[in-house]
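For reference, the chains in residue letters:
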Amino acid sequence: MEWVGEYAGMKVAVCVKQIPDPATPGRLDPTTNTLVRDGKLILDDSDAYGVEMGLQLVDAAGGGEVVLVSMAPHRETGGLRTALAMGADRAVLVSDDALAGSDALGTAKVLAAAIRPLGADLVLAATESTDGYTGTTPVQLAELLGLPSVTFAKRVELEGGGLRVRRQTEAGYDEVTCPLPALVTVTAGVVEPRYPSFKGIMGAKNKPVDVHTVADLGLDPAAAGWSGARQVIVDVAPSEQRRAGEVVEDQGDAHQAIIRFLEQIKVL
Amino acid sequence: MAVGRIWVVTESSGGVASPAGLELLAAARRLAPVVEAVHWGGDAAEVAAVLGGHGATRILTVGDLEGALPAVPVAAALAARIEASGPPDAVFLTASYDQRDLAGRLSARLDRPVLTNAVGVTEGADGLLAEHAAFGGSTVVRARITAPPPHLFVFRPRTFAAEAAGGPPADVEVLAVPDTGAAGAATIVHRHVAERAGPALDEASVVVAGGRGLGDPSRFGLIEQLARRLGGAPAGTRAVVDAGWVPYSYQVGQTGTTVKPTVYLACGISGATQHLVGMKGARHIVAINKDRDAPIFGVADLGVVGDVTKVLPRLLEALDARDDRGGTQ
Ligand SMILES: Cc1cc2nc3c(=O)[nH]c(=O)nc-3n(C[C@H](O)[C@H](O)[C@H](O)COP(=O)(O)OP(=O)(O)OC[C@H]3O[C@@H](n4cnc5c(N)ncnc54)[C@H](O)[C@@H]3O)c2cc1C
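In order, the protein sequence lines correspond to chains Z and V. Each step along the first sequence adds one to the number in numbering that gives the first Met the number 0, with nothing skipped, and position 3 is 2. Each step along the second sequence adds one to the number in numbering that gives the first Met the number 0, with nothing skipped, and position 224 is 223.
For reference, chain V alone in the conformation it holds in the complex:
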C-alpha cells in the first residue's frame, strides 16, 4: 500500500511560515511523491516560495478567516475538497492549539480516527506507522490506522528536522468554506501577544530549566539570568508551574512543551519520566542536582552533583568574568 499523497497542515503569520509545518513537510516528502500544504490566513502567496522550497507542490488555502477560530471552517473546507476530489492518504498535523482542534473537527466530520502525540512515522507493509512514546519515553508503541483514508496523524512539535528541498514555489488553490452554521460562530475579538525577550521555548537552541530543587520562587531569577546570558529560553517542571513560580508556558514535559535544543540545562530537577519525555531529544543535557541518584543523571552528558543555589551564582559570575576577558579562556 504505497502512500501517494500527504497533506501537511502549516501555520503562518504575516508571510512567515511556522517551523513546525516545515518539519512535517520534510517528513512527508520522504514518504509520499505528492505533498500538499494546508493553509489559512491572507498570506498564501507570500509563503508559496518557502512551502514550495520545502517540498509542497500545492497550497490548499482557506484564505483569511476574518477572526473565526480556524478549526471549524478549515475542517469544513477540507471535507468539501475531499468530497469533490477524493482524500489524500494521510493528513499530518502538529500538536499546536489550533491544529489539535482541527484534528478533532476533521476526525469527527470525516468519521476517521486520529492518532495524536506521534513522535515518529515510518512506512509499513500496510500503511503508515505512527510512533508514540509510552511510559516516559522508555517504550515506543507503533500504531496503524485501519480505517479508509485519510489517516490523521498529529505529531509533537520538533519531531522532525526541517530541511529545504529546493522546489519551485507552490501553486495556490483557494478552497471555498461551506456554511458552518452555529459551529463556526466562535470569533477572536482581541489577540494578546505576550512580551518575550528571548527566543520561544520550543525554538530555542539553549534551554535553562529550573525545578523544585531551587527551593524558592525568587531563585528562579537565576534560571532567567542564565537563560538570558546564553541567549536561550527559561523553562520549568510541572512542580514549579503548579506551585505558581512560573506560568504554564514554561512547562516542559508530557503535559507541557517538547523541546529539542542544542543544550538543555536541568537545574534542581529530579528527572521524572513525564519531564524526560519533553526534553530527552536535546542534543546535549547538563544536569545539576544534589542527589547523586537523581534519575536526571541517567540522561545527562554532564552531571554535576552539587547545590544548584551555589553552582548557578558561581556559573553566572564566571561567565561575566569570561566576558570581561573578551571570550575564550
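Only chain Z is shown next, with the shape it has when bound in the complex:
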C-alpha cells in the first residue's frame, strides 16, 4: 500500500446539517413564509454517510483528522455530538442570529469562510439535505473555495495521490478521477454508517466544538441571512388536488377491473 505515505495526515472536513426530526413535519411561518425549524435538532441522516466516509478515508490514508462543519441556530450541537460520537475529531459551528433566512448560496458563503482556514484536503457533504433539499450548497461551496467537485458519489477511493470516484449518472455511472484538494458529495448508501459506541458517546462530550459568529469569520452580514437571500416568497396556496376515483373491493375479480381501465385509457 504505497499510497499510505502520500495521504498521511489527510484532513477531511465534513459538512453536516442539524435538522428538526423529519418524523415531525415542519410548517410554514405565516408571516415570513419560511419553513419553521424549532425543537431539538438532530444529525441529518443523509450526513451520516459523509461522516462515515470521512472516517474510512482517513483510516485508509493511515491517519489524519475529520473535522465537522455546521451552521445552525442557537449554538445547537445535538447533531454534531452524534457525529463526534461516531468518531469525528472536532467540530466547527457557525451560529449567529444574523444567519436566519439564509439561502443555499448564503449558507455556502458561511461554510466557505469556516472551511477556508482549516486547510482541508477533502470536503465531504451529502447530495442534499433532508429538510431543504435544494441540493446546490455543496457545489456553490466548491466554487467559492476554488475546488473541483464530484457529486453523487457512490464510491470514493484514494488513488494516485487524488481520488477515484464512481459518480451516479442518469445512464449508470461514471468513473471520475480528481486531484486533491476537492469536494465530494456522497449519496445515501455509499457506506454503512456506524452506530456510535458507548465509549464514543461518552468521548464525544469532551471533543472540541469551536463556535463562530459571522463577525468572527470576517463575513459581511448582508451576504447571508434574509437580505443575502435576495429571493422572496410571493404567495402560498393550496395546490389543485387530484380527486379520488372509483374504489373496488377485490372479490377475486379486481384484475378484470384493472384490465378494463387500461383498455379505456388505451394502454391495452
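Hints are computed from structural coordinates only; laboratory data are not their basis. Some hints here could point you the wrong way.
Claimed, not checked - Which residues of chain V face chain Z? A few of them, derived with a C-beta cut under 10 Å, are:
#: 1; residue: SER84
#: 2; residue: PRO86
#: 3; residue: HIS283
#: 4; residue: LEU314
Claimed, not checked - Far from chain Z, by Cβ distances over 12 Å, these chain V residues were calculated:
#: 5; residue: VAL2
#: 6; residue: ALA83
#: 7; residue: ASP97
#: 8; residue: GLU162
#: 9; residue: VAL171
#: 10; residue: GLU223
#: 11; residue: GLU316
Unchecked claim - Far from chain Z, some chain V residues (derived; all Cβ distances over 10 Å):
#: 12; residue: VAL33
#: 13; residue: GLU45
#: 14; residue: THR56
#: 15; residue: ALA70
#: 16; residue: ILE81
#: 17; residue: ASP88
#: 18; residue: ASN116
#: 19; residue: ALA142
#: 20; residue: ASP178
#: 21; residue: GLY183
#: 22; residue: LYS279
#: 23; residue: ILE284
#: 24; residue: ARG324
Because the structure is a prediction, the values reported are computed rather than measured. Backbone N, C-alpha and C fix where the C-beta goes; we use that ideal spot for every residue, glycine too.
Fit chain V with the ligand to the known structure of chain Z by using the hints.
For chain V with the ligand alone, coordinates are given in the frame of chain Z:
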C-alpha cells in the same frame, strides 16, 4: 418588467437532444421573445434543427469537453459570455446530475441566488415566479428572485410538455472556455451505461411501482413482469429502495425521480406525501392496497382494495390469456 431573453440549458448525446431541454424550451418560449439554448458536447450542429424547431434561435455551445465534468467549464464559459455581452433575464435548468452542479457553479460564480425544485413558472408584475411544491404537494409556494439578472431556475424534469414550434435550425455560437485552473480538474475516465431492457423511468408512459406491501423482495419480480408486459418501467418507493430490494434509480418521489406517465400503477404503496410528489402528475393512477384507508386511494382513479400478492399474479395471467385470444375481449 418584461422578460426579453431566456437561456435554456439542454443536454444531448450523439446528436439526440434530451427531452428535458425540449420541455424547458416550450416553457421559455411562452415567456420570452428570445430563447437561446446552452449546449456542450461535439454535436451542436446535429441538434441545431431540433433545438431550433423547439424555439431556440441560437445555440451557445461550449463544444467537446474532452472528459471534463461539464459544470465547471460550462459555468466559466457562460460567465465570460455574460461579462462580454450582458446577462439573459433568466437561465432555465433541469434537475439532472450535471445541471444541478451547473446551477451551483453559476450561482456562486455570478453571485446570484438559484431557485431549485421548481414545478412551474409564471410571469408576475415583478418578473418570473417559480412554483414549488411544499408539504407533499398539498401547497404551492411561489417565489421570486430580487437580485439582478440572470435569475437561475432549476426545474424538476417532466414539469412541462415538449412542443415543436416549427422554427428554423438554430444558429451555433461557440463559446470559449476560460482557464478554470484546479476547479476544472475532475475528469471522466470511464462511462458505465447500465443495461436496461425497457424505457427509462422518467420517460416511460407506463410505470408499475411496488412498495413494502409486496412483503418480500422476491415478489418484486411481479412488478418487473407487469412493467415488461405493459411496455413500461418498474419503480419503487424509498422504503423498498432503503431495504435494498431495488436500486436507487427505481425510486419515485421527493428524493427520487419525478414521473408523469400515462398511467401509474401503485402496488402495495401507502401513498406517503414524499412519494406522491413524484407521481401525482401521472395522467391516470391505479392503486392496489389492502388497507381501504391508505392515502394512495385519495389520488387514484381506480383503487383496488385487495392483496397485491394475489391481484398481480391474476392480472398477469389474465393478460397472458388475453394475448392468446389475440387482443381485445
Ligand atoms: C425527507 C424524506 C424524503 C422521502 N423521500 C421519499 C421518496 O422520494 N420516495 C418515497 O417513496 N418515499 C420517500 N420517503 C419515505 C415516505 O415517507 C414513506 O416512508 C415511503 O414512501 C413508504 O413506502 P411504502 O409505501 O412502500 O411503504 P409503507 O408506507 O410501509 O406502505 C406499505 C403499504 O402496503 C400496504 N400493504 C401491506 N401488505 C399488503 C398486501 N399484501 N397487499 C396490498 N397492500 C399491502 C399497506 O396497507 C401499506 O399501505 C421520504 C421520507 C422522508 C422523511
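Now the hints, each set against the structure:
{"no.": "1", "hint": "SER84", "in the structure": "violated, 22 Å"}
{"no.": "2", "hint": "PRO86", "in the structure": "violated, 15 Å"}
{"no.": "3", "hint": "HIS283", "in the structure": "holds, 5 Å"}
{"no.": "4", "hint": "LEU314", "in the structure": "holds, 4 Å"}
{"no.": "5", "hint": "VAL2", "in the structure": "holds, 16 Å"}
{"no.": "6", "hint": "ALA83", "in the structure": "holds, 20 Å"}
{"no.": "7", "hint": "ASP97", "in the structure": "violated, 8 Å"}
{"no.": "8", "hint": "GLU162", "in the structure": "holds, 21 Å"}
{"no.": "9", "hint": "VAL171", "in the structure": "holds, 25 Å"}
{"no.": "10", "hint": "GLU223", "in the structure": "holds, 17 Å"}
{"no.": "11", "hint": "GLU316", "in the structure": "violated, 8 Å"}
{"no.": "12", "hint": "VAL33", "in the structure": "holds, 24 Å"}
{"no.": "13", "hint": "GLU45", "in the structure": "holds, 19 Å"}
{"no.": "14", "hint": "THR56", "in the structure": "holds, 27 Å"}
{"no.": "15", "hint": "ALA70", "in the structure": "violated, 7 Å"}
{"no.": "16", "hint": "ILE81", "in the structure": "holds, 15 Å"}
{"no.": "17", "hint": "ASP88", "in the structure": "holds, 15 Å"}
{"no.": "18", "hint": "ASN116", "in the structure": "violated, 7 Å"}
{"no.": "19", "hint": "ALA142", "in the structure": "violated, 5 Å"}
{"no.": "20", "hint": "ASP178", "in the structure": "holds, 12 Å"}
{"no.": "21", "hint": "GLY183", "in the structure": "violated, 7 Å"}
{"no.": "22", "hint": "LYS279", "in the structure": "violated, 6 Å"}
{"no.": "23", "hint": "ILE284", "in the structure": "violated, 7 Å"}
{"no.": "24", "hint": "ARG324", "in the structure": "holds, 12 Å"}
Violated hints, in rising order: 1, 2, 7, 11, 15, 18, 19, 21, 22, 23; the structure is consistent with all others.
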